[in-house]
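Peer 1: Chain by chain, the residues:
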Amino acid sequence: MANTYTLISSNTLSSSAASVTFSSIPSTYTDLVLRISSRSSAGAVQRIMNIEFNADTTTKYSDTLLTGDGSTATSTRESAVTIALIGYMPASTATANTFGNAEIYIPSYNSTSSKPFSSATVSETNATAAYIRNAAALYTGTSGISSLRITPSSGTMDIGSSFYLYGIKNS
Amino acid sequence: MDKPTKVIINCETGEQEVIELTAEEIAELEAAAAQAEADRIAAEEEANAKATAKADLLEKLGITEEEAKLLLS
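Residue numbers (my numbering), protein chains in the order written: chain X, 1 to 171; chain E, 1 to 73.
Heads up, incomplete: computed chain E residues facing chain X, CB under 10 Å, no partners named:
1. Pro4
2. Ile9
3. Cys11
4. Leu21
5. Leu29
6. Ala34
A few chain E residues that face chain X, going by a derived Cβ cut-off under 10 Å, partial list only:
7. Asp2
8. Lys6
9. Ile8
10. Glu12
11. Thr13
12. Gly14
13. Gln16
14. Val18
15. Glu25
16. Ile26
17. Glu28
18. Glu30
19. Ala33
20. Gln35
21. Glu37
To list a few chain E residues with every Cβ distance to chain X over 12 Å, as calculated:
22. Asn48
23. Ala49
24. Thr52
25. Lys54
26. Ala55
27. Glu59
28. Lys60
29. Leu61
30. Ala68
31. Leu70
Derived from the structure by calculation, the hints contain no laboratory data. Ideal Cβ positions, reconstructed from N, Cα and C, are used throughout, including at glycine.
Next up, chain E with everything else stripped away, as it sits in the complex (with noise of 0.2 Å):
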């Protein structure tokens, strides 16, 4: 697989670049990829818990969600 590049574009000279990354800045790119992906399952697990407890509580309370926006409207 070809290593991840940066462009840099010089607007004085009118030049561009295509750079190679640093294994240290591969690093932060993995890094970054591995905190989005957890940012993406902690956001899909606290979905997951509202929606049950809302569904807990519809039962709890005997009425349907239609119903409890009826109620709050």
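Bound conformation, chain X alone (with noise of 0.2 Å):
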């Protein structure tokens, strides 16, 4: 059990962005946590959260996710995919001002092995259909994480978006 919870830097959206990339990653800690409050301008109700390692933009990532929206549940999965993707964030058909959230846990991050991580996302709104997606994923680069980055699939994310890196020590 984690007894260190650390900080390693954060960020607001002041204006919109399309991506949000946390580079030089300090090696010093065990484990990696990202929470994330965000939300993306695209033209839906909600919009696919992705993430990506090292910029790596090889074949690399696996998920399995499981999705609810109120009425279904369903599980989907993709192999060698060129990007993780790990959830959803509400999009601008979506309650206005509504925003999801979601948390990433990435142990062993500094591994030279393939580093299984999973996330919990929500996208909340006040309407009639939430989403929840959780994933289980895999990286199979062979370097330690040192840099990250988070994407919706299509738009940006909104002014207000927040993003926190946190180190994770002796879990």
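Fit the two chains together into the complex; they arrive one by one in their own frames, and the hints show the way.
Peer 2: What follows is the structure, given as structure tokens:
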């Protein structure tokens, strides 16, 4: 169980952005936790949230997703893809000013083996349909993770979206 | 309209940069938006087609949706 939880860096968008990158992540922790509150400008109820590591856009990612919308539960799987799909964020036709939240846990990010990681995301809205999407994902890169980038599948992330990267020691 | 940007946070120095996207990156963003819209339309069409096929079948069988659910329960 983690006994330290240190904020490495954070950002709250003051203008809309197509991506947010944390670079030069120190290797002095054992695990990383990324917490996000975000909303996309895209013309939809929700948009997919993606993550990539070390600017690596080769086919080193796979993910298994569980999705619920209040009436239907589905599971999907994608293998050997160029970016990991980790969940949803609300978009422009979701209730105004609602932001989704996400937590991505990356254990042993300095490992030189494949790195499994997980995410839990919700697309918050006051309307009838809200979404939950959780992922079990894998990055098969063999370098430790020194940068990560978050993007919505289309559009930009709105002003007020926030990103907090924490390091955990002795987990 | 302002050019879309990307944010880069250097965890070592604490420096945070807001950088305008290049023409190539903007083109990628627009292509992703177009693809998302195409996917949305395709999903909507598929859902409509399924609903129509279901309604047609119920009419052919002469039963209501509730009766069909009862049969399958």
